[in-house]
Structures are given as structure tokens and as C-alpha cells.
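Letter by letter, the chains look like this.
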Amino acid sequence: MEGLLPQLEVVRKDFPILTRTTPDGSPLVYLDSANTSQKPQCVIDAMVDHLERHNANVARAMHLLGAEATEAFEGGRDKVAAFLGAPSRDEVVLTKNASEALNLLANTLAWPGVHQVGAGDVVVTTEMEHHSNIVPWQLLTQRTGAELQWFGITDDGLLDLSRIDELLTERTKVVTLTWVSNMLGTVNPVAEIPRRAHEVGALVFVDASQAAPQLPIDLAAMPVEERPDALVFTGHKTVGPTGIGVLWARADLLEALPPFLGGGEMIETVRMERSTYASAPYKFEAGTPPIVEAVGLGAALEYLSDLGMESVERHERTITAYALEGLQSVPGLRVLGPTDAAGRGGAIAFELDGVHPHDIAQVLDSRGVAVRAGHHCARPAHERFGVQSSTRMSSYLYTTPAEIDALVEGLEYTRSYFTLG
Amino acid sequence: MEGLLPQLEVVRKDFPILTRTTPDGSPLVYLDSANTSQKPQCVIDAMVDHLERHNANVARAMHLLGAEATEAFEGGRDKVAAFLGAPSRDEVVLTKNASEALNLLANTLAWPGVHQVGAGDVVVTTEMEHHSNIVPWQLLTQRTGAELQWFGITDDGLLDLSRIDELLTERTKVVTLTWVSNMLGTVNPVAEIPRRAHEVGALVFVDASQAAPQLPIDLAAMPVEERPDALVFTGHKTVGPTGIGVLWARADLLEALPPFLGGGEMIETVRMERSTYASAPYKFEAGTPPIVEAVGLGAALEYLSDLGMESVERHERTITAYALEGLQSVPGLRVLGPTDAAGRGGAIAFELDGVHPHDIAQVLDSRGVAVRAGHHCARPAHERFGVQSSTRMSSYLYTTPAEIDALVEGLEYTRSYFTLG
Amino acid sequence: MSSELDSLYQEIILDHYKNPHHQGLRDPFEAEVHHVNPTCGDEITLRVHLVDGAEGPVVQDVSYDSVGCSISQASTSVMTDLVIGKPLDEALSVHEEFLTLMQGKGKVEPDEDVLEDGIAFAGVAKFPARIKCALLAWMAWKDATTQTLEARDG
Amino acid sequence: MSSELDSLYQEIILDHYKNPHHQGLRDPFEAEVHHVNPTCGDEITLRVHLVDGAEGPVVQDVSYDSVGCSISQASTSVMTDLVIGKPLDEALSVHEEFLTLMQGKGKVEPDEDVLEDGIAFAGVAKFPARIKCALLAWMAWKDATTQTLEARDG
Ligand SMILES: Cc1ncc(COP(=O)(O)O)c(C=O)c1O
Ligand SMILES: Cc1ncc(COP(=O)(O)O)c(C=O)c1O
Numbered sequence: 007m008e009g010l011l012p013q014l015e016v017v018r019k020d021f022p023i024l025t026r027t028t029p030d031g032s033p034l035v036y037l038d039s040a041n042t043s044q045k046p047q048c049v050i051d052a053m054v055d056h057l058e059r060h061n062a063n064v065a066r067a068m069h070l071l072g073a074e075a076t077e078a079f080e081g082g083r084d085k086v087a088a089f090l091g092a093p094s095r096d097e098v099v100l101t102k103n104a105s106e107a108l109n110l111l112a113n114t115l116a117w118p119g120v121h122q123v124g125a126g127d128v129v130v131t132t133e134m135e136h137h138s139n140i141v142p143w144q145l146l147t148q149r150t151g152a153e154l155q156w157f158g159i160t161d162d163g164l165l166d167l168s169r170i171d172e173l174l175t176e177r178t179k180v181v182t183l184t185w186v187s188n189m190l191g192t193v194n195p196v197a198e199i200p201r202r203a204h205e206v207g208a209l210v211f212v213d214a215s216q217a218a219p220q221l222p223i224d225l226a227a228m229p230v231e232e233r234p235d236a237l238v239f240t241g242h243k244t245v246g247p248t249g250i251g252v253l254w255a256r257a258d259l260l261e262a263l264p265p266f267l268g269g270g271e272m273i274e275t276v277r278m279e280r281s282t283y284a285s286a287p288y289k290f291e292a293g294t295p296p297i298v299e300a301v302g303l304g305a306a307l308e309y310l311s312d313l314g315m316e317s318v319e320r321h322e323r324t325i326t327a328y329a330l331e332g333l334q335s336v337p338g339l340r341v342l343g344p345t346d347a348a349g350r351g352g353a354i355a356f357e358l359d360g361v362h363p364h365d366i367a368q369v370l371d372s373r374g375v376a377v378r379a380g381h382h383c384a385r386p387a388h389e390r391f392g393v394q395s396s397t398r399m400s401s402y403l404y405t406t407p408a409e410i411d412a413l414v415e416g417l418e419y420t421r422s423y424f425t426l427g
Numbered sequence: 007m008e009g010l011l012p013q014l015e016v017v018r019k020d021f022p023i024l025t026r027t028t029p030d031g032s033p034l035v036y037l038d039s040a041n042t043s044q045k046p047q048c049v050i051d052a053m054v055d056h057l058e059r060h061n062a063n064v065a066r067a068m069h070l071l072g073a074e075a076t077e078a079f080e081g082g083r084d085k086v087a088a089f090l091g092a093p094s095r096d097e098v099v100l101t102k103n104a105s106e107a108l109n110l111l112a113n114t115l116a117w118p119g120v121h122q123v124g125a126g127d128v129v130v131t132t133e134m135e136h137h138s139n140i141v142p143w144q145l146l147t148q149r150t151g152a153e154l155q156w157f158g159i160t161d162d163g164l165l166d167l168s169r170i171d172e173l174l175t176e177r178t179k180v181v182t183l184t185w186v187s188n189m190l191g192t193v194n195p196v197a198e199i200p201r202r203a204h205e206v207g208a209l210v211f212v213d214a215s216q217a218a219p220q221l222p223i224d225l226a227a228m229p230v231e232e233r234p235d236a237l238v239f240t241g242h243k244t245v246g247p248t249g250i251g252v253l254w255a256r257a258d259l260l261e262a263l264p265p266f267l268g269g270g271e272m273i274e275t276v277r278m279e280r281s282t283y284a285s286a287p288y289k290f291e292a293g294t295p296p297i298v299e300a301v302g303l304g305a306a307l308e309y310l311s312d313l314g315m316e317s318v319e320r321h322e323r324t325i326t327a328y329a330l331e332g333l334q335s336v337p338g339l340r341v342l343g344p345t346d347a348a349g350r351g352g353a354i355a356f357e358l359d360g361v362h363p364h365d366i367a368q369v370l371d372s373r374g375v376a377v378r379a380g381h382h383c384a385r386p387a388h389e390r391f392g393v394q395s396s397t398r399m400s401s402y403l404y405t406t407p408a409e410i411d412a413l414v415e416g417l418e419y420t421r422s423y424f425t426l427g
Numbered sequence: 009m010s011s012e013l014d015s016l017y018q019e020i021i022l023d024h025y026k027n028p029h030h031q032g033l034r035d036p037f038e039a040e041v042h043h044v045n046p047t048c049g050d051e052i053t054l055r056v057h058l059v060d061g062a063e064g065p066v067v068q069d070v071s072y073d074s075v076g077c078s079i080s081q082a083s084t085s086v087m088t089d090l091v092i093g094k095p096l097d098e099a100l101s102v103h104e105e106f107l108t109l110m111q112g113k114g115k116v117e118p119d120e121d122v123l124e125d126g127i128a129f130a131g132v133a134k135f136p137a138r139i140k141c142a143l144l145a146w147m148a149w150k151d152a153t154t155q156t157l158e159a160r161d162g
Numbered sequence: 009m010s011s012e013l014d015s016l017y018q019e020i021i022l023d024h025y026k027n028p029h030h031q032g033l034r035d036p037f038e039a040e041v042h043h044v045n046p047t048c049g050d051e052i053t054l055r056v057h058l059v060d061g062a063e064g065p066v067v068q069d070v071s072y073d074s075v076g077c078s079i080s081q082a083s084t085s086v087m088t089d090l091v092i093g094k095p096l097d098e099a100l101s102v103h104e105e106f107l108t109l110m111q112g113k114g115k116v117e118p119d120e121d122v123l124e125d126g127i128a129f130a131g132v133a134k135f136p137a138r139i140k141c142a143l144l145a146w147m148a149w150k151d152a153t154t155q156t157l158e159a160r161d162g
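So the sequence lines, in the order shown, correspond to chains H, P, V and R.
If you want our numbering, it's the 1-based position in the first sequence plus 6.
If you want our numbering, it's the 1-based position in the second sequence plus 6.
If you want our numbering, it's the 1-based position in the third sequence plus 8.
If you want our numbering, it's the 1-based position in the fourth sequence plus 8.
Think of the hints as simulated: they come from the structure by calculation, not from any bench.
It cannot be assumed that every hint is accurate.
DEER-style ranges, computed between Cβ atoms [as the list claims (entries may be wrong)]:
1. P/Glu153 x H/Gly151: 24 to 32 Å
2. P/Glu261 x V/His30: 31 to 39 Å
3. P/Ala257 x R/Ser15: 53 to 61 Å
4. V/Val122 x H/Gly151: 53 to 61 Å
With a straight-line cut-off of 25 Å between C-alpha atoms, the simulated SDA-like cross-links for lysine to any residue are [said to hold, decoys possible]:
5. V/Lys140 x P/Pro93
6. V/Lys150 x P/Tyr283
7. V/Lys140 x H/Glu357
8. R/Lys115 x R/Leu22
9. R/Lys115 x P/Pro29
Please read all numbers here as calculations on a predicted model, not as lab measurements.
Cβ atoms here follow ideal geometry from the backbone N, Cα and C, with glycine treated the same way.
Please build the complete structure, drawing on both the sequences and the hints.
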């Protein structure tokens, strides 16, 4: 099949878990990568090597291991900066996950500072966000008396831009949106919205949790007016470990925001009466940071770059196109979201007439096929389509066409088991 | 030597890093465990096994790997609960580190709720806290108009309780203190202070970051009036990985606090207009939690329990006594903090006449001896003793008397190199 | 493969799923609750109607409206069969018994005299992710019942 | 072991450490700054006095009060030797040269004509944790100088 990663079978060998089988011996067909990705051996090995040979606390330790650990940790930051094409490495804040990164932004905007959000101000999100890009803004607006508004979704699963002039006004202080939807697969216009939002003076934040694993990102190459002011992603979806996420934000925004969490590492001088703070990124990294996780994430992003993000993207598109075709051949199956692979990410949510998503996932699981059932932390988008939950398959760079075939066969079997059985 | 861990040499073999040598071949003498502890092989292996065989996202995944990962993750929580003797496992919130746990408490108290802190209220901390138990409370009090007060330190390095009646009044809403000082080694009266603070209706929070690695903790066994309302510690100091910390808090406090970070996992139902939240501990765990880290921490705490925390404590006391003796034999050396090992933790900060701590640490490092130099994130305690920084050695369960000898010899050499050289 | 599945999807479960008993929201009732399974979004609105019997309260009616998977729908139906018409004490002990079965990791032998059709859920206990589905309605019933009793006493 | 240490603690460094030049805070000055190394708490208060020369500003005086380790104290002393009395342009290029040396991971060959005693810090570049110590005073001087120039222009 044209467009797959070259040497896909060799690439798969990098992922030890892919050789696992279910208790009755079926091979594992992991189609839940939008939830979390599997880890290549090189990531695991980098973490083990760190823990077995270089473990120490960072920044504050002056000894051999401390220097090695600091170099390894800051090296992770450098690799994140390179992966994003960040204008500066000091713009990369390491958090615990994407959710914390989004909360960091929402939380610091509640307190005095040039960007403080208050009564009368508007924060704009979208109906297709992950809960992690909705709830922080609900908390912010409820707590400050500001107003939360949102872009809707068209029947085709695209962002509904028809009300853009109402949403983006001089009252709008923040616009936050996902680059790629984790439910509908929609790829949003992340050049146009920043440009329009910047015209009214709003800050623009992009949730790249689903984009970073799938698409090449080059912040420095974006025209300034189209570049978001901040962008987040999460380590565990980019073949890295849990426990680490990334906030990139332009240097002067980081400088202008008040502190988020207080404590060790984020300070300059502490007196009991008051403290002064370190400069970014350290100002936002209170306490011992995710050290071994930064080592793992660095190895992960290097692995992706070695494969080439263009190749990963092409692979995803190819598998997604094949999956859309296969899924739509199943009677009674309806895909939620765009049905053309060209402008879409690799998460495909669908309904199957007469069978509840839990039951679909259960039957598939009994055949070794792992998919997700539920609202995928995107309940408002489900409500928009009048469904309470859905089944979602999501591929990644290690997914083969044969695995898609196994899914489609499994769905045929599910139908027969439930609706005809 | 009486009191050391039985089979210390065998125990040391569990820690692969202890076989490391410096570039010129000296064995590693790691005396920086209060900064971060080394990891036994079983912790590393548990993490590798998870990543290679059971990795998936938790809670929301219904498939085989999802069920395994969820069981592994929640199993980590069970082990934390058992380690602390927590009355209930649902009182254990997993954070990214101890600092986040303290900030979670400080941050949620800023927002409406029965425990909200406002103008006129008093928050009490101590002068011997780690910055992570000072700065969050400075931010809270500055932002809400409340007042920050603190217990001082006596000349002997003990908590100065002489002003306790002034500090604990009906205005006092929160008292937060460290169980064991990371600089002075002081063990604080964590039964008396909660009892007194509860009498005036204050909440009591205990920072057990240095206590959890060293002392047996049994929350359920504490008389209710002496039991803190919340207690925190950090994974990487208890032979676990970075990227995970623990907040234990009594169930009704967790129920009463408003949410901290918003996002996936912490919700019940999300509508664009407003959301409802899950019950504790999930309400405070927004986003993908530290999964592989919980697996590692679980293995770490089991490792400590298998050794027996009473034995670990006895070992620490024994080594600390030996170290205090050895250090005080060095001319011009002054120990900051209590000099009797009986009521003291294993961190020993000291000054050496005429040599700056950086230079001491550097010379020791050239001999393979790793100690920490600086203010150890406890600048106010340093200021109290009129010093700007200090050198700190800190032992742990794998420390041998011979390593203390190497330190003392290194200090003699440092003196000769600098002051006489 | 199918045998594992069949141990979960017992005939009884599929029957209740296709033809649920006591469906719909009815009057009168003393308490109405709304419960959600946050993992998947399954929801139930449930009402409880207690009356006074000779030896304490009796569960006169339990009515509901719900969306969910086969396990949660069947479990709701079976639950109503088991508690409606029973003295509250007895209904609560059936609830206990069902809880024990669900938390038994598939190692508890169900008592057919007490649980009747509920024994079909023994297989569910082996699927940790599905236990919450099976318990959704039972938890809602317990909650509504507690609220009713508190309102009476308070 | 000692040879590694000796490459860090050059004789010149220890001399400056024991007998630092230009110590103390003096008048007049146009800008005073306070810099801290947050890792260890080392601190410096530093003043800059610029005067106008025929071809632009000249560094008339740099005075300071500081607490710190041998590396940071010696580096402060050497820095004052190198910049005091120099035309600002030239002083700034010495600053650049020193920065390059420190960030060179021990691979940059220092130019003795420019850096004089500063070449003794070549060994420091191999100790990442100590680079901040060696740069503390240089960064403070740069900051104070920038402030002075901004105040003049603004
Ligand atoms: C007493 C004390 N509290 C809090 C902390 C903070 O822990 P962490 O950096 O893991 O958040 C530390 C360690 O650095 C500590 O020693
Ligand atoms: C689009 C999107 N945003 C945010 C998140 C949250 O990531 P995390 O759970 O790692 O914080 C996810 C994944 O769960 C996601 O898909």
C-alpha cells in the first residue's frame, strides 16, 4: 500500500508490546493510540539507563551525577524545543501532562497581571475540545466573572466559523482551540483563527495533544500573526512516558504571567515576607521536575524525528483512508466527523446501529482488538451529534492495514453477535 | 556496627547505580539522598515491565491492556494507602510531586468553599520549611488578603514554640509544617501542633517529604485530634521515580475543597455551560495521571515495607550518629541544627571555616563524594543562622559507615587544599 | 473467545437488555436521583417510592429512564425485579449481596435464592471495566433510598 | 584527582579569591543591580559608573559587594580588572569573549591578550555547575551597564 512507513514491520519490532497476545492467543491489535501511544524500546532503554546510571536531582546538585542528570533533563527540553521548532528553548515549560499546561494558562490569567481576565471579558473555546480545554476555562470564567463562549461544530464535523465575528470582538481576551480533534479527527484552521483573533488583541492557545503525534510542527516558520501565543501537548501520546507534558509559550507572555505553583526551583530569593521568582521556564516549574520523564520524552521525540514527521503523517493519512473505507463497508455504521482522510487526523469515532459502544469494545476486545468506547473526554461534541457515547479507533505509526481488516471483521462479528444473535 | 540494616551489602546490590565510579575510577559515595534517593532494581523492572507489556491509558480504556494498566495504577494507589496507614484509599491523590500537593491545598483554599481563606485570616507556617511549603502560602495570602505568620527556630535548631499562643488563635485557618527538616534534620512535634491547632479550629497540613523515606507512618493509628488533615510526600525521595507525589487528606476535606485543575478524569458530566465533578480522589487528578510512575512508586513502597520502616529508621539513626561524630571531629566544622541523632533525621547541614560550600562540594566530588551545597531550598532557615549557604550530607538506607569515613577524609583534604594550601 | 464472551453476555442478560422491566419514570416518588458513569457517559434517572409496611418501609416502586450498554440496562431491569415489592431491609440485603458478587473478582459463588436472575452477572465480575456498568442502577437506587429515609427522619 | 581539581582551581583564581580587587561599593554610580544565583544563593550587589570619553562612554568604575564561592569571587575580581578604565565598546567585547569561553565546554582556546587573568577560567567551562558562578558578576555588570545606557537615552 502506497504511503505506509517504509519498513513498517521493522518499525513495529521497536515496540515490544506489539508482540503481546491476549490470554487465548490472539495477537494484540492496538487501535487506541489517540488515548495513549505505545513506547519504542529506545525510550524505555533511555529511561532505564538514566535510572541505573545517572539518577540525581537537577539544577541544585553540583556533583557528577547531578551534572549528568541536569544535562539529561535540559537535553530533553532542547529536544522538545527542536521538535516544535520553538524560537527559544527557554519558551519550553515542562508540565505533568497537557491538562496541567492548559490549567497553568487558565489559572495564571485569574491573578493580577497585564493579561488578567475579569468581569466583562470573553474567553472563547470550541464545542469539539477535549474536557481538558473546556473545564479550566469554565473554572476561570466562573471564578473571575468573565464569560465563556464557543465555536460550534457543523453537521460535517468542522468548526463552525459562521459566528466568528460575534465571537472575536475587542472583549475577547483568549481564544483556545484544539489543532486536531481527538473525537472527530477534524483538523482545525490553526493559521486563520490566530490571525483573526490577534486582530482583536486576543491571546491564542492551541491544544496540540493530537497534532504533535501526527503532524510536523514548526513554530518558528509560522508567520508571527498566525503563530499561537502558546501551544501544549502531552508526552504519552508522542511515544513518550506518562508524567510529562509540554507548554510552549512566547517568551514575553511567560514573562508577563504571574507564577502558577510556588516552591523549589521556581524562585530567585525567598524571604519569609516575600519572594522573587526565577525567569521562564523555571518560574513555572515548581518542585522536582519530571526528570526521567524528560529523558524518555527526549528519546521519543528523537525517534519520531528520525522516522520523519512527514512520513508519520503520510502513514497516518494512508491508514485513516483505508480505515474510513473499511468502516463504511459495515452495514449500520456511521462515522462521526469528516469522512475524507485528506483533512483529518487518525481518530475515527463511529456508531453501530443497535449496539452500545461498550458492547462493541467488549466484543472487539475478546478478539484482541483494542478500541475505546465512551465519550473520549469530549462529551459536548457527542451531545452536538445527539449521541451519548461512541466507539473510537485510532491508529498510529505502527498500525498496519491488516489490523484495520481485523477491526472491520470484528465489527461484522459484533453485529452478528448482538443484533442478529 | 549495631543498628545498621542487616545484610547491608546485599541491600546495596539492589541499587545498580551504587556500582558506578567516577571518571578516574573512585567509587561513588552518594550522600545526597535528601535531595533525591537512588532506585532499586525492582522499581526499574516494574516500570519496564509495565511499559513493555501493560501500557495503556487508565480508567477510560475498556480493553485488556486498559484493564491491566488501570489495575496497575490503582494498585499503586493501594500501596501508597497501605504505606501511610491511610484510613481510606480514596483519600490518596496522586500528584506530580510534593510541591504540587502543597500548591493544590493552597490553591483550592483561595476559592469559595467552607474552608476559603480571606482577609483577616491567618496562615501559619515555619521558618524551617522547604520553599515548597512557604511560597504557595505567600501566594495564597498575598492573593486573598490573608496574613502569613510563622514559627521561628531556636538556636538549637528546634521549632520555637514560645509564641504558639499568639500564632494559634481563632483567626488561624491553616497551620502547615514539615515533619522532618530537609536542612536542619529537626523532627518536629507533629502530634502536639495538630492537637493545639485543632483546638482553635485550624486545618493542619504536614509536609512528610523527608519523613516518609525515614520513619514509619501510620495515619489510622494516630488519635484523630493529633492526625493532620492532610499530609504530602514525594515519590523520588522514597526510592520511587520522579513525576509522582502524594497528597493524603481526610475524605471530608477533599470533598469540601473546590476543584484544582480541570480536565479529563476529574469530571462527572461536562456541558459547555457547566460541569459537575467526580468524587475524590479523581476530582483532583485532571488529565492522564502518572501511570508508570504509580507502578514504580508502588514497587518502591513495597520495597521499603519489605525492609521494614523501623529497620530503615534505625539504620538512618545509626549512620546519622556516626556522621555527626565524624563531622564534628573536623576542625572548623559547625553543624547547623540538632547534634544529637536521637531526635533527628538524616540530613546534616554544616559550615567549614574559610571554605565556601560550593568549593567543599567540588573538592568532595573530585573524590567521588556527592553532597549538596547551597541553601537546599530552605533559604529562610539559613538566614536564621546568619549563613548564606551550607554543605549538606544526607544518608539513606544504602549508606555505609565507610562512606561516612570517605566524607570525613574528604573534608580534611578540602581544608588542606583550601585553607592551608 | 466466544466462551469468554458468552460468560459475560449470558442469555438472561441479553433478554433483559432487549426487554427491560419496569422502564419509565412514574409517580408517586419520594426521591429522584441522576447518576452518571463518568468513564463512558452512561446515565440513569431513577425514582424511589417507599410505603410503610407492618414491619418497616417497603419498596413500592422503582422507576427509571436510562441510556447505557447491555450490562447496565440489564442490571437495572434485574434490580427492579429484585427490590420492588420487598421490605426495604430485605431489598438492602439483596443490594449487599449483589455488591459482594460484583467485587468478588469472579470468585464469589452467587446465591440464586437471593439474586435470582442477578446470578447471570457473576461473569461480569471478571471484567473490571464493566463492574461499574452493572452497579450504576444499584448505586442510584441506594442513593435515592438513603435520600428518602433522610428526608423522612430529618 | 588533584589534576582535575587543579585545572579548576588555578593559582590565579585562588589568588584573586584570597585578595579580591576593587571590592566595596563606591560613589558615584549610575546604576546598581542585585543578582542572585538561585541554585546556591550566591549574591552580588554591583554598581557601574560610566563617563563620557572622546570616542564614547568609558567604564570609570565598577564596585561591588558579594558573597560567594571562590570561582564567583575570583571572577568578580578579574572582571573589574578587565573592564575598569576601558572604553565601553572594548569592555563589552571582553565580556563577549569571556561568555564564549564559558559556554565553550572547555573546547575554546582563550586569548590571553584579551582576557589576561581571565584565561584561568578556561578550566571552569568543563564544570557545568560552576559556569553560573563564574558568570554571576559578568551578568550583573552587563545588566547595570544596560540600565545606565537606557537611562541616558530614555
Ligand atoms: C521537606 C521538603 N518538602 C518539599 C520538598 C519538595 O519535593 P518535590 O521537589 O519533589 O516537590 C522537598 C524536597 O525537595 C523537601 O525536602
Ligand atoms: C485533544 C486533547 N487535549 C488534551 C488531552 C489531555 O492530555 P493529558 O490527559 O495527557 O493531559 C488529550 C488526551 O487525553 C487530547 O486528546
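| Against the structure shown, which of the earlier numbered hints fail to hold, in ascending order? | Of the numbered hints, all hold.
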